[in-house]
Amino acid sequence: MTKKILFPAILCCFTLAILAQTPQPVKRLLKMPYMKGASFSLVIQEVGSDKAKYAVSPDLSVIPASVMKTVTTATALELLGNDYRFATSLTYDGHIKDGVLHGNLYIEGSGDPTLGSRFVKDNNTEFLNDWLQGIKAAGIRSIEGSVIADERCFDTEGVSIKWVGEDLGSYFGAGSYGLSVFDNQYKVFVQTGAVGTKPVIKHSEPDMSGLRFHNYLVAGAVTTDSSYTLGAPFAADRYLYGVVPANRPLYTMKGDIPDPPYFLADYFSRFLKGKGIQVGGQPSCFRLLEESQQSTSAKRVNLVTTYSPPVSEIVRITNEVSQNLYADALLKTIGHSYTPEAGEVISSFGKGIKRVKQFWDAKGIDTYPLWMFDGSGLSSSDKLSARFLADILLYMATDASSSQTFYNSLPRTGIEGSVRNFMKGYSLEGNIRLKSGSMSRVKGYAGYVDKDGKRYCVTLFVNNYSCDGKIMTYELDRLLRTLFE
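Numbering (mature numbering (1 follows the signal peptide of the UniProt record, and there is no 0)), first residue to last: -20 to -1, 1 to 465.
Honestly, the hints are just simulated from the structure, not real lab data. Just so you know, these numbers come straight off a predicted model, no measurement behind them. Note that beta-carbon positions come from the ideal geometry of N, C-alpha and C, so glycine has one too. One thing to keep in mind: the hints can contain errors.
[To be verified] With a straight-line Cα cutoff of 30 Å, these simulated BS3-like cross-link-like pairs (lysine-lysine) come out:
id	residue 1	residue 2
1	Lys404	Lys7
2	Lys337	Lys33
3	Lys450	Lys33
4	Lys33	Lys16
5	Lys182	Lys279
6	Lys31	Lys343
[Said to hold, decoys possible] Simulated restraints on C-beta separations:
id	residue 1	residue 2	range
7	Tyr14	Lys343	46 to 54 Å
8	Ser275	Gly222	38 to 46 Å
9	Ile141	Pro3	33 to 41 Å
Work out the full structure: start from the sequences and follow the hints.
In structure tokens, the structure reads:
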């Protein structure tokens, strides 16, 4: 009889011990009605210590949302280095005679997500003029062939197979390709009338006349829109749904460029024609050439090369504004150093994910809790544990060659980026750097808190809560303030 009740008794004592270790502010939150059925996970640990100050369900498997970017950016800094730059080259094949290029012009990509990005330069079309000058310097006044995008450094799987359908076509769901431009986004401007009427699509920037917009929008008595754009990669059809504010002369919506390599080839062709340089052939990209089994010359001459900002700056932007495209491009670039096993067929995403796991395993951090399907955290299938991420943060604070760069890339709460309104006015404002993450019924924060000469790493996640996201943000703000009093 005693043997039968021994294990339940031990389990009960263990459970009581865990509850006793849970800080009171966490207990208060967990008792809220909207936390029924929710998952809560927390680790707070002083850098340099081998014991957590607080650890509540640290090994729980949770959806990190955009907090996944901390894993991607930390790995990118360590593997690529602070000073790594992407290069995009304009080259040609054939020969030049009497100002005519008897051949094709190529845009050769290396996966740079910053080309023409609004986050990098105010004049995001400056690279076009640089390319134009390179063409003129070579004496080219017309092109007999085509402008061809060479995007082969990544495969054609621009979006993760684990992204949900509602994100495809959205500006934040833009795919990452061997050639990207303008953040792989466009703006579409609509004119709205009275409540209940259909808005009129006026124009797009950049010009997306190659797309077919299916307009199912409705003007409503709202101040912000609840509209969304749906569409698949490489598809010309874009479906606009939802409600936008009524009686606006121009209202801006955003969507993803469905085929950035081809778009860039087409855009640059039109740009050249506008500058008086004729292009005889139709624009194309290697995806289309390979589908039609067309070949091109491997012998090319370089005209001009455009370089990205260093990875240190790309990582800062990625974490500060939570740029999905940058994160996914970094992950795929990490994958270049992965060597597939014999007979292994693996995607660009897959190579990056395997290289991430290889790196952290080699550092003694168990990657078993890491389920990664992208670099951005947009997939709800992404999983990790608070303890796993805390181990990475501790490593980045103590042993990483890019420790300070990584720390500086995380936005300061109450001041900047995606956490500019989080913990605002708190006594430690300016001394807390956190990457946030959110999606439907998911909230997460990870980073560092400096207090009294000590630095603490923080990983905090809540999944499957049953309240408005703003309420949960308030509660987690309140919780962290209390825990660091």
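Worksheet item: CB of Ile141 to CB of Pro3, is that within 33 to 41 Å?
Response: holds (40 Å)
Item to complete: Take the C-alpha atoms of Lys182 and Lys279, compute the straight-line distance between them, and say whether it is at most 30 Å.
Response: violated (44 Å)
Worksheet item: How does the Cβ-Cβ distance of Tyr14 and Lys343 compare with 46 to 54 Å: does it lie in that range?
Response: violated (38 Å)
Worksheet entry | Hinted pair Lys33 and Lys16, Cα distance within 30 Å | holds (26 Å)
Worksheet item: For the pair supplied as a hint, Lys404 and Lys7, is the alpha-carbon distance within the 30 Å limit?
Response: The hint holds at about 24 Å.
Worksheet item: Are the Cα positions of Lys337 and Lys33 separated by 30 Å at most?
Response: holds (27 Å)
Fill in: Straight-line alpha-carbon gap Lys450 to Lys33, limit 30 Å
Judged against 30 Å, a Cα distance of about 27 Å means the pair holds.
Discussion item. Lys31 and Lys343 were given as a pair; does the straight-line alpha-carbon distance stay at or below 30 Å?
Written reply: Satisfied, since the Cα-Cα distance of roughly 19 Å is no more than 30 Å.
Discussion item. Looking only at beta-carbon atoms, does the pair Ser275, Gly222 fall within the given range of 38 to 46 Å?
Written reply: Given a distance of about 45 Å, which is inside 38 to 46 Å, the answer is holds.
Going down the numbered hints, you'll see the structure goes against 5, 7, while the others check out.
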